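Chains as they are written, first to last, in the working numbering: chain A, 9 to 143; chain B, 9 to 143; chain C, 9 to 143; chain D, 9 to 143.
Accuracy of the hints is not assured; some may be wrong.
Remember, identical chains collapse to one label, so a pair may be satisfied in a single copy or spanning two.
Distance condition first, Cα-Cα at most 27 Å in a straight line; then the derived BS3-like pairs of lysine-lysine [to be verified]: (1) K95 / K115; (2) K115 / K51; (3) K115 / K82; (4) K51 / K82; (5) K95 / K82.
Note that these hints are calculated values from the structure, not bench results. Quick caveat: nothing in here was measured; it's all calculated off a predicted structure.
Residues per chain are reported as follows:
Number of protein chains: 4
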Amino acid sequence: MDAYGHVNNVVHLRYLEEARIDFMFRLAGEAADASPTDPAPFKAGCVVARHEIDYLRPLFHRYEPVTVDIWVTKLNAASATLAYEIKDAATVYVRAETVIVPYDLEKEHPRRLTPGERAFLEDYFDDSAAAPRIR
Amino acid sequence: MDAYGHVNNVVHLRYLEEARIDFMFRLAGEAADASPTDPAPFKAGCVVARHEIDYLRPLFHRYEPVTVDIWVTKLNAASATLAYEIKDAATVYVRAETVIVPYDLEKEHPRRLTPGERAFLEDYFDDSAAAPRIR
Amino acid sequence: MDAYGHVNNVVHLRYLEEARIDFMFRLAGEAADASPTDPAPFKAGCVVARHEIDYLRPLFHRYEPVTVDIWVTKLNAASATLAYEIKDAATVYVRAETVIVPYDLEKEHPRRLTPGERAFLEDYFDDSAAAPRIR
Amino acid sequence: MDAYGHVNNVVHLRYLEEARIDFMFRLAGEAADASPTDPAPFKAGCVVARHEIDYLRPLFHRYEPVTVDIWVTKLNAASATLAYEIKDAATVYVRAETVIVPYDLEKEHPRRLTPGERAFLEDYFDDSAAAPRIR
Chain A
9 MDAYGHVNNV VHLRYLEEAR IDFMFRLAGE AADASPTDPA PFKAGCVVAR HEIDYLRPLF
69 HRYEPVTVDI WVTKLNAASA TLAYEIKDAA TVYVRAETVI VPYDLEKEHP RRLTPGERAF
129 LEDYFDDSAA APRIR
Chain B
9 MDAYGHVNNV VHLRYLEEAR IDFMFRLAGE AADASPTDPA PFKAGCVVAR HEIDYLRPLF
69 HRYEPVTVDI WVTKLNAASA TLAYEIKDAA TVYVRAETVI VPYDLEKEHP RRLTPGERAF
129 LEDYFDDSAA APRIR
Chain C
9 MDAYGHVNNV VHLRYLEEAR IDFMFRLAGE AADASPTDPA PFKAGCVVAR HEIDYLRPLF
69 HRYEPVTVDI WVTKLNAASA TLAYEIKDAA TVYVRAETVI VPYDLEKEHP RRLTPGERAF
129 LEDYFDDSAA APRIR
Chain D
9 MDAYGHVNNV VHLRYLEEAR IDFMFRLAGE AADASPTDPA PFKAGCVVAR HEIDYLRPLF
69 HRYEPVTVDI WVTKLNAASA TLAYEIKDAA TVYVRAETVI VPYDLEKEHP RRLTPGERAF
129 LEDYFDDSAA APRIR
């Protein structure tokens, strides 16, 4: 929070990170439990290659929560792009995109998405013009 | 730091913020002291409108410091773009750009750059092909 | 979040800070609106002089929120102690206390609590043995 | 940084964490390399059980670095207390203590210090009256 009560721009990136962790570990883990061909999606590792973040309107400190929507806008063999909106019923505060790269953290080199990871991400894929986009 | 000793992507954005604050408040303040037509550059307020951040190589936790270079790549009447590199002598770890918008925090609306702010930013302007760019 | 999914100890201190800001600015501001002898409690400034934090049980990353309870355990002329618990229905994860000191940020010296600040804090005072304590 | 240029109290705790990580992983790892009876001190896991932090004087945002001194004030079979000072040549800004508990993160229960961990911590032990203390 700055002197005028705005939520700081770095804090918004932390909100995006919390949403991404929840998406890639909790939600993907639950999907894997239901269809366990790939028992631990993203556990082999995944890194952030790029962020783009547009701060559209100031968010003031308040008690009421905001929502982070998250979906998939690109899906390649060895990378994916996640899009997000930080918003409430009335206002979109932030739009952002993150390029994630599956990465074998033990062996220290990029890897391909597993079939289970790809199937999970496809369920959240939307690159339609109607989908909110950051550009 | 994650489990493999990498500096987290959000921490890099904090490094950029610390460099930007140092640039816009300490350095710009010293320049204003030397030529005091605009006694307090950026004190009327300035907000972040957009970040782009490319994570090029992992930075591992270590004792040795890294350097953040910062310069100006665009200069408009009511916005400016700052570019940065997080690096050491051997490696560039992160390239990024931030669009900043002068903003009257009391009156809650955008404002134009003051002559003093513009003169300060011009001293750090470089949009040459030789300058490092994030794309 | 560390490698095992625990919420990091620094993140807990941020949770306490968010609760304290909400308590001292939003709640105290609403109380002041209702009884406006002191129109802006804590706006003259207040600093943190000391934290004590006990991490009782690990909190794992999850979607479900936790609650931060906050109350007042000491009230002096020029300082107050806030106590907190981070918890859910089943478990207390963290107990903490913070000594806050009213501080005139413009003039850079400590100040006394205003009558409005004191009246607000008294409404949340509980130093009974039954009240949870960090020691 | 707050509106008056002070380094925020949570940021100080991050400084302490960075010093502690450097102490327990880099320095302890180097000591282990020199005398490799315990090849990876603290790698089995270690958690923070308690922090006490006294904010003695405000630290203003600046270019010059501050130093974090760190040493050991208590050493038990299954816990240790680290003390710190954040300071420069002229001023001590923060004094703090952290109780750390060796913890088997895989098996999720406390463990005893290994002989190599204890030998490393003993090298930094100082509970003399002359040593700076937070109380």
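Evaluated hints:
1. K95 / K115: between (38 Å within a copy, 24 Å between copies)
2. K115 / K51: both (13 Å within a copy, 19 Å between copies)
3. K115 / K82: Intra 26 Å, inter 39 Å, cutoff 27 Å: intra-copy only.
4. K51 / K82: within (21 Å within a copy, 38 Å between copies)
5. K95 / K82: For K95 and K82, the Cα distance is within 27 Å only inside one copy (22 Å; across copies 29 Å).
Violated hints: none; the structure is consistent with every hint.
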